[in-house]
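Enquirer: Sequence:
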Amino acid sequence: MSLHVEVYGQGEPLVMLHGWGMHGGMWGRGVAKLAETNSVHVVDLPGHGFNAGKSAGSKEDGQNEKSEEGGGKGTPPESQLPLSLLHSPFSLDAITEALCAEFSDPVKLCGWSLGGQIALHWARREPQKIQRLILVSSTPCFVRQGDWDCAMEAEILAGFAAALTENYAMTLRRFLALQVRGSEGERELLASLRAALFSRGEPDFAALQAGLDILRDSDQRKELAGIEQATLIIAGERDTLTPLAASAYMANKMPNARLAEIKGAAHAPFLSHPEIVVQHIKDFMYG
Numbered sequence: 001m002s003l004h005v006e007v008y009g010q011g012e013p014l015v016m017l018h019g020w021g022m023h024g025g026m027w028g029r030g031v032a033k034l035a036e037t038n039s040v041h042v043v044d045l046p047g048h049g050f051n052a053g054k055s056a057g058s059k060e061d062g063q064n065e066k067s068e069e070g071g072g073k074g075t076p077p078e079s080q081l082p083l084s085l086l087h088s089p090f091s092l093d094a095i096t097e098a099l100c101a102e103f104s105d106p107v108k109l110c111g112w113s114l115g116g117q118i119a120l121h122w123a124r125r126e127p128q129k130i131q132r133l134i135l136v137s138s139t140p141c142f143v144r145q146g147d148w149d150c151a152m153e154a155e156i157l158a159g160f161a162a163a164l165t166e167n168y169a170m171t172l173r174r175f176l177a178l179q180v181r182g183s184e185g186e187r188e189l190l191a192s193l194r195a196a197l198f199s200r201g202e203p204d205f206a207a208l209q210a211g212l213d214i215l216r217d218s219d220q221r222k223e224l225a226g227i228e229q230a231t232l233i234i235a236g237e238r239d240t241l242t243p244l245a246a247s248a249y250m251a252n253k254m255p256n257a258r259l260a261e262i263k264g265a266a267h268a269p270f271l272s273h274p275e276i277v278v279q280h281i282k283d284f285m286y287g
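Here the numbering used here is used: position 164 in the sequence shown is 164, and no number is missing along the way.
These aren't lab readings, by the way, just hints derived from the structure by calculation.
In this text, all values refer to a predicted model and were calculated from it rather than measured experimentally.
Accuracy of the hints is not assured; some may be wrong.
[Claimed, not checked] Here are the computed lysine-lysine pairs in the DSS-like style, where the Cα-Cα straight-line distance is at most 25 Å:
| no. | residue 1 | residue 2 |
| --- | --- | --- |
| 1 | Lys54 | Lys33 |
| 2 | Lys222 | Lys263 |
| 3 | Lys263 | Lys253 |
| 4 | Lys33 | Lys282 |
| 5 | Lys253 | Lys222 |
| 6 | Lys263 | Lys129 |
| 7 | Lys282 | Lys129 |
| 8 | Lys263 | Lys33 |
| 9 | Lys222 | Lys129 |
[What the hints assert, rightly or not] Pair by pair, the computed Cβ-Cβ distance ranges are:
| no. | residue 1 | residue 2 | range |
| --- | --- | --- | --- |
| 10 | Lys263 | Arg187 | 29 to 37 Å |
| 11 | Leu178 | Glu6 | 38 to 46 Å |
| 12 | Thr165 | Ala230 | 38 to 46 Å |
| 13 | Thr165 | Lys282 | 20 to 28 Å |
| 14 | Ser104 | Tyr8 | 28 to 36 Å |
Where a beta carbon is used, it is the ideal one built from N, C-alpha and C, also for glycine.
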């Protein structure tokens with residue numbers, strides 16, 4: 001599986017992985033600032049952005065109605081629904097294998113939200129490949145468990161999964177609203193996210209569903225102690241999707257991690273507070 005990767009700047013490679021339903025273009029203007037000192041590799045994950053339509057389970061031309069941008073519902077055909085993630089190109093292992101094939105040399109790695117889940121898995125599986133790790137608005141376990149309450153209720157995520165089959169364009173817009181809820185500049189931030197959401201086309205429905213399955217099923221809390229790379233954990237003070245407490249937990253459990261709390265930020269601190277986030281990343285990589 002080939003990946004769409006855009007490269008900016010020169011220097012040591014920094015790979016950036018976006019969140020669920022998004023694409024590499026969502027990282028915003030912070031990429032240009034990071035490219036002043038690094039070779040920044042902005043990835044579209046399988047089935048997202050310019051990778052949509054390149055993997056098994058992707059949309060065929062004409063199969064779907066247009067998204068709400070064009071007046072339709074974006075409802076997937078029944079044949080498009082994946083029966084299992086066991087051999088899916090969108091599983092954690094398959095995505096990690098694709099990333100390993102794309103980046104043969106060691107890299108520094110930054111993952112946001114679902115991208116953070118993938119980054120944790122990659123860093124644990126291929127420790128020699130990941131020199132330093134940056135987790136933005138991430139968590140080792142997205143769904144609430146009996147011994148884990150700094151997470152989303154399983155019923156809420158199940159509601160997103162059910163709504164996805166009815167109107168995935170609207171479901172993605174609802175998810176955007178949750179990402180910026182409570183953030184400074186919330187209204188302007190939401191408008192910019194909505195404008196960028198489908199700027200690279202619509203994501204594959206199978207990739208969206210598989211991403212929700214990863215968020216529902218992945219629990220990497222027991223793996224944290226074995227991730228020995230130097231790690232920067234960036235968390236928004238007002239994040240309701242991956243609460244600050246989850247980031248603090250990771251910082252405490254990972255042997256070489258430190259936490260940077262972004263005051264006034266929600267789930268997308270690199271968009272609401274780009275200068276602060278970029279400075280934290282630069283200080284971490286070169287401090």
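Enquirer: For every hint, state whether the structure bears it out.
Expert: Evaluation of the provided hints:
Proximity of lysine 54 to lysine 33 is assessed by CA-CA distance (about 30 Å); at most 25 Å being required, the pair is judged violated. Between the alpha carbons of lysine 222 and lysine 263 the distance comes to roughly 29 Å, so the proposed pair goes past 25 Å and is violated. With a C-alpha separation of about 23 Å, the suggested pair lysine 263 and lysine 253 falls inside the 25 Å cut-off, and the hint holds. In summary, the hint linking lysine 33 to lysine 282 is supported, as the alpha carbons are separated by about 9 Å, within the 25 Å threshold.
Restraint check: the Cα-Cα separation between lysine 253 and lysine 222 comes to about 9 Å, which is no more than 25 Å; the hinted pair holds. In summary, the hint linking lysine 263 to lysine 129 is not supported, as the alpha carbons are separated by about 32 Å, beyond the 25 Å threshold. For the proposed pair lysine 282 and lysine 129, the alpha carbon gap of about 20 Å is at most 25 Å, so the pair holds. The hinted pair formed by lysine 263 and lysine 33 meets the criterion: a straight-line CA distance of about 21 Å does not exceed 25 Å.
Of the supplied pair hints, the one linking lysine 222 and lysine 129 holds, its CA atoms being roughly 21 Å apart against a limit of 25 Å. For lysine 263 and arginine 187, the hinted distance range of 29 to 37 Å is not satisfied, since their beta carbons lie about 19 Å from each other. Range check, leucine 178 to glutamate 6: Cβ separation about 27 Å, and the 38 to 46 Å hint is violated. Separation of threonine 165 from alanine 230 is about 41 Å and conforms to the stated range, judged on CB atoms against 38 to 46 Å.
Judged by the Cβ atoms, the range 20 to 28 Å given for threonine 165 and lysine 282 is violated: they are separated by roughly 42 Å. Checking the proposed 28 to 36 Å range against serine 104 and tyrosine 8 shows it is violated: the Cβ atoms sit about 20 Å from each other.
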